[in-house]
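Line by line, the protein sequences give chains A, B, C and D. By my numbering, the letter at position 20 of the first sequence is numbered 20, and the numbering carries on one by one without gaps. Here my numbering runs 1000 ahead of the position in the second sequence, where the first position is 1. Here my numbering runs 2000 ahead of the position in the third sequence, where the first position is 1. Here my numbering runs 3000 ahead of the position in the fourth sequence, where the first position is 1.
It is worth saying that the hints were derived from the structure and are not from the lab. Backbone N, C-alpha and C define an ideal beta-carbon position, used for all residues, glycine too. Honestly, I wouldn't trust all of these hints.
To be verified - Okay, the calculated beta carbon distance ranges per label pair:
(1) A:D324 with C:G2154: 48 to 54 angstroms
(2) A:A363 with C:V2018: 40 to 46 angstroms
(3) A:K338 with C:E2146: 55 to 61 angstroms
(4) A:S144 with C:V2018: 51 to 57 angstroms
(5) C:W2288 with A:N395: 40 to 46 angstroms
To be verified - To be clear about the criterion: a stretch of chain A counts as covered by chain B if any three or more of its residues have a C-beta under 8 angstroms from a C-beta of chain B, and this derived list gives those stretches:
(6) 64-78
(7) 91-99
Here is how the chains run, residue by residue.
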Amino acid sequence: MSDTVLEVKNIWKEFPGVIALKGINETFLKGEVHAIVGENGAGKSTLIKIISGVFSPNKGDIFLKGKKVRFGSPIDAKSHGIVTIFQELSVLPNLSVAENIFIGQEKTNLGFLSYGDLYKRTKEILEQLEIADISPSTITGTLSVAYQQLIEIGRAVATKADVIIMDEPTSSLTENEVKTLFKIIGKLKDNGVTVIYISHKLDEIFQIADRVTIMRDGEKVGIYNIDEVVEDRIIELMVGRKLENYYIKDSKPRNEVILQVKGFNGEKFRNVSFDLRKGEILGFSGLVGAGRTELMMSLFGFLPYDKGEIYLKGKKINIKSPLDAINYNIGLVPEDRKLQGLILIMTVRENITLPGLDRIKIAGFIKLAEEYRIAKQKVEELSIKTPSIEQKALNLSGGNQQKVVLAKWLNLRPEILILDEPTRGIDVGAKAEIYKLMNEMAKEGISIIMVSSELPEILAMSDRVAVMAEGELTAVLERDEVSEEKIMHYATPRSVLSKAS
Amino acid sequence: MKRIFQIKEIGILIILLVLMGFLGITTRSFLTSENLLTALLNISFIAIMAFGETMVIITAGIDLSVGSILGISSVVIALLLHDYHMAMVPAILSGLLMGTTMGLVNGFLITKLKLPPFIATMGMLSIGRGLAYVLTGGWPISPFPETFTNIGQGKLFGIPNPVLFMIVLAIIAHIFLKYTVLGRRIYAVGGNLNAARLSGVKVDKILILVYAIAGFLAGISGFLMTAWLGVGQANAGQGYELDVIAAAVIGGTSLMGGEGTILGTILGAAIMGILRNGLILLGVSSFWQQVAIGLVIIFAIAFDRLRGGLRK
Amino acid sequence: MKRIFQIKEIGILIILLVLMGFLGITTRSFLTSENLLTALLNISFIAIMAFGETMVIITAGIDLSVGSILGISSVVIALLLHDYHMAMVPAILSGLLMGTTMGLVNGFLITKLKLPPFIATMGMLSIGRGLAYVLTGGWPISPFPETFTNIGQGKLFGIPNPVLFMIVLAIIAHIFLKYTVLGRRIYAVGGNLNAARLSGVKVDKILILVYAIAGFLAGISGFLMTAWLGVGQANAGQGYELDVIAAAVIGGTSLMGGEGTILGTILGAAIMGILRNGLILLGVSSFWQQVAIGLVIIFAIAFDRLRGGLRK
Amino acid sequence: GESYLLAPKSLNNPYWFAVENGMKDAAQKLGVKAIFDAPVEADVAKQAQKIIDYVIKGVAGIGISPNDPEGIKVAVKKALEKGIPVITFDADAPDSGRYVYIGTNNYVGGYEAGKLMAKFIKKMKADKSEIRLAILTGGLAALNLNERIKGFKDALAKNCSKKIVYVADPFPCNDDTAKSIQIIADVMRKYKNLDGWFMAGGWPLFAPPKSLEQALGGKERVKDLIVISFDTLMPELEIVKAGIAKGLVGQRPYMMGYLSMMVLYDMARLGVEQTLRILPKDRKIDTGVDIVTQENVVEFMKSVEKIYQKRK
Ligand SMILES: Nc1ncnc2c1ncn2[C@@H]1O[C@H](COP(=O)(O)OP(=O)(O)OP(=O)(O)O)[C@@H](O)[C@H]1O
Ligand SMILES: Nc1ncnc2c1ncn2[C@@H]1O[C@H](COP(=O)(O)OP(=O)(O)OP(=O)(O)O)[C@@H](O)[C@H]1O
Ligand SMILES: [Mg+2]
Ligand SMILES: [Mg+2]
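Bound conformation, chain A alone:
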């Protein structure tokens, strides 16, 4: 178990303006699950991109089974037994599941594909992934993001590899798929495959990792056997200081009901009714594809809804577009900040003021002085780390991007704020700050709906927890009755429950 499969020595990598890696040394052993953790921008992805041949390092060497190697491309690395699941989803949406899993390893006859063989081999992989109900010829883009992520994992599993690298594979999975993934990782490990595992979710690290490397600012700041370290120590090394009170929650909801949703129906959800109180944090939990995002998007006017009523402070309102919602003082931080939350090529300033432009205009012109003042103020208030408010959002780290999205809405002083997966892909330091912000907002009387697939944050931050399964609201649990088991019970689709009993 202790022989070294892969070793990197003194890896340096520089991008224009940033040194992403400053002399990284690390060894990876046969059959181990080796976790790498670190804040956003610590250089984790860059390191694995160098190992897998996407980037070439400015300095340093890679040794595979003692032999010095340098890969020119991911395909090159793959042919040497190193397979990578990249952080950015890299499925090909317009191709079939089978083609996605076996891309680069198709059996061919004079350049022609043999679909029969391809589908047969795909079935086997899908069974391993416990998603055998999907047909190999399904177009991948029609599947949910979670399934697409599983397909990518399948792609790695399908390869005879010595080393499999996974960069945040669970960021769009919920409990069930995560369990399947861990089962697969277990099997891989038994077969002597080395798994390099990057995640911001420390509880996962403690479940499956053998060793953990901690990175900060492009440097390796520690390596531990997993049973010789505690979570607090890892966090301390990651953020460079002690992080106290990770979850801060001392806000209390008031009695006044601010929002009532009655009999709400949309394409992916049915007959949803709930109410939200002033200053409340209402958690929304559920399995992947439960329809939470769709529900929120419909409430916000982004997606159409078929039937249902919304009451704001007892008055019936009609929301047909996001602008309507904004005018009713409702804000929404979407699930995917890059695709939906931000205009990446615009500056921090322009992003922050975009939804509120109507409030700082005079005769159609933007009051620039006002705009600059607001942007500066928000950057300060939320301590957004950016060289200036003129920086493009593109160049910010994930956590700071998320804060910019929050700043957009806080500027409008909303009464209701919907947060969809507010901490996805964000490091612990930034997470803690966002929890703190949520708590402060709630105290100020802002009502928050928080959709999250991370049970710990649902449990810690919610005043009440709404649970959805297959598009229906199955339960609304009070803070004192909520537990992980209960949530999972209500989140599991009935079809599965009835089969089990």
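Following the hints, position chains B, C and D with the ligands against chain A.
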């Protein structure tokens, strides 16, 4: 994938059949084999270029230079045959080589110099046309040996040769796109370029390949048109790029990349061709024809959109 | 944003200055105020359309129909003035209304029927041109009252009126894009359509607005060209769309949307105009001119890319 | 009655309306239907395709003004196979199998223009030993224009004792009046000692006299500049009347249309053989040319007025 594309093509097929039915009823000569074969002949030059354009658009690119490439290939073949008395086969091959080279340059500009395809091929549109003028001094080049013009004007089993070329090339292109690894890679690149790259697809190679194919097919069109007309001209194919793109897009190829089939493109070209032919048979003035063609382009795509519902 | 755009524009400015320096040294007549004013006059029609095109491209769209809109606006104004003896102001306004309406139709097709901009405006290109021919029967329409042609042919402080129009419109367009809420939203829509919608931007309204502006400005170009030439023709502006798009893109407008400035577009149009003018002054053969223009388009963008490094 | 087709080179040039008028006047007298149709813009392949479509539709006779004599052969062959009589007008395709040609050929027209130029040179430039001329054309590959230019140059070589220098290759304006004016202005600035222009078509002459005069360098310069242009449409005559152009050479399009209709009618009714017997042995009907200078322009205007009427 299969299923979706078939459905897509059915939409276009419906439009085509409705159009043909209407013309069959309202005009006497439309549904004669002679007329239909002529309509096919008329679209063959556009359709052959549109096969290449389809591949380019599947990669989310665009090739505005195909009309110019047709022109310069035509001129090269004509000059070699006529002025330099080169034998037929090497002359034709030189013309195809010229087309392919122009396509390779497009690919090179797009992959190596990172130019947007629209710009790179717009530049080549201008350069190619200019070179064709330079080579000929603007004069048409003819005559050619009969062996050459026979290729363009001859028939086999009653079917004009250019139509046969179109059919054979369509079958090859269809099989290539659907059943070969390279074909699947073309879809992969258009579906998500970065993902394709990370999945180990040699994206640049694929892109260069499709632009080269587009150039090669424009060369074939140039060769066939020269042989059919019996004259090589610097302004041949001028403005054809819009027809070619329209054929592909009416046929269901998405300008966003990742989607498109050769079958659809043929149907798209057929709609345009039948429409032109039909408007003449109906006695519609040429001026109104332009209006009608614009309306059909818009209508065909809008119909497809509405039928497809609010797909993303 | 400010800083980056300024840097972008400097790149184009360098190319323009190098070009002008070269022409100033090699030809006698280039750096005369007369020549420069004529060169400006020549680009004014293209540049005015390019302001609208810039806005369209910023939203990640494209408008291929501007040349046709120029043509039909020209024809409408000419017919009303000449055949129907309408008073000048209402005739001009009718022409501008025609252009704006065509733009609105583009916007409607794109937002309501969800047509890709390339297709919608390609259809309108064909329809607009066809209608212009239908209205005139292909016949040039002239003469006009002097009060009308004076607008196109007159000067103020020695500067030709169309150039003044270009300058005033450029300033308005610049201020509009840079300092108004609507302008900011245009960038937002192009930068990320979904994010813009989720931020309360009425995306459809913005898109319809930019296509209407593009149509309106093409109408202005049509009006100015008619007044300047003194004749209204159905084929006016034919093929100009490629020049217009080239001006915007050479000027740093990204076809991916979200980026572009009016200043850059003016510089882009100036490069194209100076190049055409310069090639004649240099005595470059007409045959080679097209080649040269293609090369410059490619070179200008490639230079910009290489200078900008490997930005995404 | 039966219908007859005249297929001009394009539809976007007012020159053709005179042909159309002639044809339609004759058809009215004969009580038959006249179709006058072509691609809107000149293109050999599209012209051939269009004619073939009409052959299939069925017409009693076809007259063609071929964009290219070689390229039109496929269409002629097809018509003759069907027993449809084919003649050419305006431009010839001698060995295509057509029965007769009606018109003056372009070479001859150009030659006449050259002779006219020589006359003016003798008169106005007696003291000069070297004459510098520029040539304006529509498109570099337009065969009819290239033939006119060739005829023009040949005539000057033969009829003028002075050294003739052509300042550059022909300048192409894409059949675009606005562009032609812009080009002329640029050329006048480059070649300060230019003696004259030969315009192979009348594009700039459709602009009002003032615009053209300005482009040509102003009143003073125009005085001793020899501008010879082609065609004798009303706006062009105005230019001659204003003394800006010195001479026009016009073919007789009305006559061509009229005679073509008559001859085709005879061929269809009496039979081809019968008709040919009464026509010249060389199978060419020369319609001659008109030479218009300031001396006869007013008189000529009267006769031309009704020929070029646009008819609804
Ligand atoms: N292609 C690139 N060009 C320029 N800079 C880059 C590029 N890729 C990464 N960087 C920079 O390198 C640094 C390290 O980034 P990297 O993606 O490796 O971080 P990470 O640890 O994976 O963060 P996260 O947890 O957010 O995924 C960051 O400052 C990032 O902005
Ligand atoms: N882009 C898409 N294309 C097709 N189906 C989708 C897409 N996005 C989501 N879906 C489907 O819509 C349904 C509801 O998804 P939604 O995102 O609302 O669920 P969710 O409970 O928020 O889950 P998640 O945690 O993944 O966000 C799922 O069945 C999912 O497969
Ligand atoms: Mg990362
Ligand atoms: Mg969700």
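For each hint, the structure was consulted:
no.: 1; hint: A:D324 with C:G2154: 48 to 54 angstroms; verdict: holds, 50 angstroms
no.: 2; hint: A:A363 with C:V2018: 40 to 46 angstroms; verdict: holds, 41 angstroms
no.: 3; hint: A:K338 with C:E2146: 55 to 61 angstroms; verdict: holds, 60 angstroms
no.: 4; hint: A:S144 with C:V2018: 51 to 57 angstroms; verdict: holds, 54 angstroms
no.: 5; hint: C:W2288 with A:N395: 40 to 46 angstroms; verdict: holds, 44 angstroms
no.: 6; hint: 64-78; verdict: holds (count 4)
no.: 7; hint: 91-99; verdict: holds (count 7)
Checked against the numbered hints listed earlier, the structure breaks none of them; every hint is satisfied.
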